[in-house]
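K.L.:
Next come the chains, spelled out residue by residue.
2 protein chains.
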Amino acid sequence: MPKEKISISVIKRLPRYRRYLGELLKQNIAKISSKELAEMMKLTASQIRQDLNCFGGFGQQGYGYNVKALYDEISKILGLDKKYKTILIGAGNLGRALTLHFDFEDAGFELIGIFDANYKEIGDINGIKVYNMEELEKFCEINHPTVAILCIPKCNAKEVADLLIDCGIKGFWNFSQKEFALDNSDIAVENVHLSDSMMTLSYRVNEIMSKNSETDE
Amino acid sequence: MPKEKISISVIKRLPRYRRYLGELLKQNIAKISSKELAEMMKLTASQIRQDLNCFGGFGQQGYGYNVKALYDEISKILGLDKKYKTILIGAGNLGRALTLHFDFEDAGFELIGIFDANYKEIGDINGIKVYNMEELEKFCEINHPTVAILCIPKCNAKEVADLLIDCGIKGFWNFSQKEFALDNSDIAVENVHLSDSMMTLSYRVNEIMSKNSETDE
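Which chain is which? The protein sequence lines are A and B, in order.
Note that the working numbering has the first sequence beginning at 9, numbered continuously upward.
Note that the working numbering has the second sequence beginning at 9, numbered continuously upward.
Relax, there's no trap hidden among the hints.
Intra- or inter-copy, both count: the list cannot distinguish identical chains.
Think about it this way: if two alpha-carbon atoms lie no more than 35 Å apart in a straight line, the pair counts; the simulated DSBU-like pairs of lysine-lysine are: (1) K219 / K90; (2) K219 / K76; (3) K20 / K50; (4) K186 / K137; (5) K76 / K91; (6) K91 / K137; (7) K20 / K219; (8) K50 / K84; (9) K91 / K39.
Think of the hints as simulated: they come from the structure by calculation, not from any bench.
Just chain A, same shape as in the assembly:
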């Protein structure tokens, strides 16, 4: 892995490169030029070269990128080979949907337990055990999870996060709608705000509808 720091905006673009490269691999395509990749991804070739040059010269002049090598290197940079032990807090619909449908392993995580405050008896979702929140501290002492996914209401989020930090959690995937930034730089928080994405859509639909109604006049 390169020692120099890659900017977070480049990092945030890497999963998208990896998705497109993954599709190419499935189609048995071994190499691709920055121009072809740019067309697929609706980017400019120079943006792609700039992004991918951040972590070493994969592209060879007149050859393009080796799809498999680039895919593997991006996976490694993202730490997807580490398979960090992960717990999920909150077994409501969203927690269930993630447990059933999200490919944790592909994203670099191993889901090892689910916790819910209202869960009376031990059960499971998709083969992952569900525990009552009372069992959390004991479970963490034994299993040492690194990451927690918060699928709990806004009002409890900060309190639960503090408890989890005491239990050794180093990263949060936060769906609680309560954005929190921690002063502790040794803890990573990735806030997911689905409503932000939908409001961006609202803006764009609004633009289209206004344009259409102007044309109709």
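With chain A held as given, fit chain B onto it using these hints.
P.N.:
Just chain B now, kept in the frame of chain A:
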């Protein structure tokens, strides 16, 4: 609404401003300086002034921003007053989770129907009727929805999207994991890739864990 075009990167930041301003309103805070807002949001005051000046001078020197006026203006710019009629395709766990927990109205949408290919009988989720996909075209003729939320598998996404465009859909909130960009600029697509967000978290956790292990040595 201002006539000059606001860049999409500013638009994407507006929902976050709106969330913080909404929290301030709940606390009955009437005005805030760019410096105070910057501290809350972990941004710089100059970034905030630059973003918010895009659509008119809300800040007054020595007074700060009027929280309510700014909140309302951002809502209006995002088109949240329009309440576009919306349908959801795919009544699996993710579709159910969104129907039950997502605040569509706050995000500028009105959910009026749910469609599923495997749904045999009319039912409802959270008071919203679920129909079989066969009813889609008739429903759209009568009710004229503007937006569709795709909670369907990757393999069907493009085909279903084409059908929906024929039915008059102008915007997609796409959870299908199949990213699609349409050549038609009169259709808006907002792709949601939860795995991109989790891979970004993986990178940051990996950084923290590597740093910790270096310190331990």
